[in-house]
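Peer 1: Residue strings, one per chain:
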Amino acid sequence: MRVICEDVSLTYTARGRHVEALRGVSFQVRPEEVVCLLGPSGCGKTTLLKVVAGLLRPGRGRVEFLGERDGNPLTAMVFQDHGLFPWMTVLENITFGLEMRGVERTSRTQRALPLIETAGLGQFQRSYPHELSIGMKQRAGLIRAFVTNPEVLLMDEPFASLDAQTKLVLQEEFLLLLRDRPKPVIYVTHDIDESILLGDRIIVLTGRPGEVRADFDIPFPRPRSLNLLQRPDFADLKGRVWKELEDAARTQARQ
Amino acid sequence: MADAVSEGNPREDRRKRPGRWYGFILPVAILLFWEVAAQTGLAPRLLFPAPSQVFRALVRLTASGELPMHMAISLRRIGFGFVAGALPGIVLGLAMGWSPAVRVLADPTVAAMYSIPRLALFPLLIIVFGLGEPAMVALVALGMFFPTLINSMAGVRSIHEMYFEVAQSYGAGAWKVLTRVVLPGSLPMVFTGLRLALGHSLVLVIGAEFISARNGIGGFLWVAWETFRTVHVYAGLVVSALFGIVFTTGLRHLERRLLPWAEGLLHR
Chain A
1 MRVICEDVSL TYTARGRHVE ALRGVSFQVR PEEVVCLLGP SGCGKTTLLK VVAGLLRPGR
61 GRVEFLGERD GNPLTAMVFQ DHGLFPWMTV LENITFGLEM RGVERTSRTQ RALPLIETAG
121 LGQFQRSYPH ELSIGMKQRA GLIRAFVTNP EVLLMDEPFA SLDAQTKLVL QEEFLLLLRD
181 RPKPVIYVTH DIDESILLGD RIIVLTGRPG EVRADFDIPF PRPRSLNLLQ RPDFADLKGR
241 VWKELEDAAR TQARQ
Chain B
1001 MADAVSEGNP REDRRKRPGR WYGFILPVAI LLFWEVAAQT GLAPRLLFPA PSQVFRALVR
1061 LTASGELPMH MAISLRRIGF GFVAGALPGI VLGLAMGWSP AVRVLADPTV AAMYSIPRLA
1121 LFPLLIIVFG LGEPAMVALV ALGMFFPTLI NSMAGVRSIH EMYFEVAQSY GAGAWKVLTR
1181 VVLPGSLPMV FTGLRLALGH SLVLVIGAEF ISARNGIGGF LWVAWETFRT VHVYAGLVVS
1241 ALFGIVFTTG LRHLERRLLP WAEGLLHR
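If you read the protein sequences in the order shown, they are chains A and B.
The opening residue of the first sequence carries number 1 in the numbering used here; numbering runs sequentially from there.
The opening residue of the second sequence carries number 1001 in the numbering used here; numbering runs sequentially from there.
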């Protein structure tokens, strides 16, 4: 599956004021490619993701999905702060996507179980989210998206609220999940290290209205490990990304 | 360190909460004092009959079936009021919370009606429905309608926008959003509304019975005062307190069963 965003613009009205969130954003995501969207906070990264998810309709432009589909949902989204329903058990939450697609309860559970076990959530199936640690909650949120086996995975700063160690662990688990079920990913983050560790490409957006400012290929081979962080070419790439991001952030701050 | 523990830390001791039985000391002491005062004639028995006397009257009135009958009558009025008031209140409240259009449409009317003290409507209800059951049920229904409506609406509006987006992003239709997001998400507040509504219903049913009935707990209390049977007045008070207690504890148990997930949010 290939995702094509063409000239996506979006203006919304908040308290009678028109806010231009996105202006003419165009980019492509190739099959099995992980594209990280970086940008200053409030630049419309999440808005762009919601447009791709079909949650928001762009004022201009369009999002196209090219490729074969065999009964899987087009997209699934991993939300910031997990977005688990507090009133559902972990199992109900994880199988929510399947439930919405009309899959029977028993086969829902069957399909989810392997992933639940992999994530170490086996003994928490009947627990409610408030009984889980924050890392466990985010794991469940991640699994919920993977269980539906979407054609395209959308991730909205999924690990932003985690502590540094938990974040590293979950990033690694995410890469493993993705290795077994390769698919295109659009990954919104504001963390440069994270975007280089996880992505094949980095797209830097400008401050509001969000426009594509720069597009970097990440040359490092997979599987990647944390040792990458020590390499001089990592630092070099990080420096170049930061340069673009800094300019974008400064322009944003001056507005 | 071990010594410190065995000797007990005075600051820790002060923070330690005493057992539940602590709360019974005061009422038991008051009842005992009351009993003694009544038996010795220290308090006028016509105004303050001995608790034991009230208790005996309660037993007698229960055995004769008189009190159970009055309780059943009041309960039925509350029950009808619940069906005619609380259920529509929940439905309209959920609709107003979910749909901005319904909210904008109904909110001014609801707000205007809400400001009228319910009991003040009783004369009008009697004119409309006549003296009898329908007017009393209507009053109770009105008393249950508004708290359930307002809290159900607030319940839906308290659901974070993100949960609607999650549901939508996984392809939930309106029915699934209703059953998997709107209903469960608003249930804690719906229960808050029900708790308030049942409290109001008790006040209103007794008020209505004072005015327009010779039966029900309110009617029983009123006849007791007219015939100056103070013991019966106290018996009626005990019964109405019992109603309140049963309602609140019953609801709390139901809530615990239906909302295990809210334990972490509500009862902290």
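In short, the hints are calculated from the structure, not lab data.
Any given hint might turn out to be false.
Said to hold, decoys possible - Here are some, though not all, of the chain A residues that point toward chain B, as calculated from beta-carbon distances under 10 Å:
{"#": "1", "residue": "Tyr-12"}
{"#": "2", "residue": "Ala-14"}
{"#": "3", "residue": "Arg-15"}
{"#": "4", "residue": "Arg-17"}
{"#": "5", "residue": "Met-77"}
{"#": "6", "residue": "Pro-86"}
{"#": "7", "residue": "Phe-96"}
{"#": "8", "residue": "Met-100"}
{"#": "9", "residue": "Arg-105"}
{"#": "10", "residue": "Glu-117"}
{"#": "11", "residue": "Pro-129"}
{"#": "12", "residue": "Thr-148"}
{"#": "13", "residue": "Phe-216"}
We treat Cβ as the ideally placed atom computed from N, Cα and C, and that holds for glycine.
Peer 1: Hint compliance check: list the failing hint numbers for this structure, sorted ascending.
Peer 2: 1, 2, 3, 4, 9, 10 and 13
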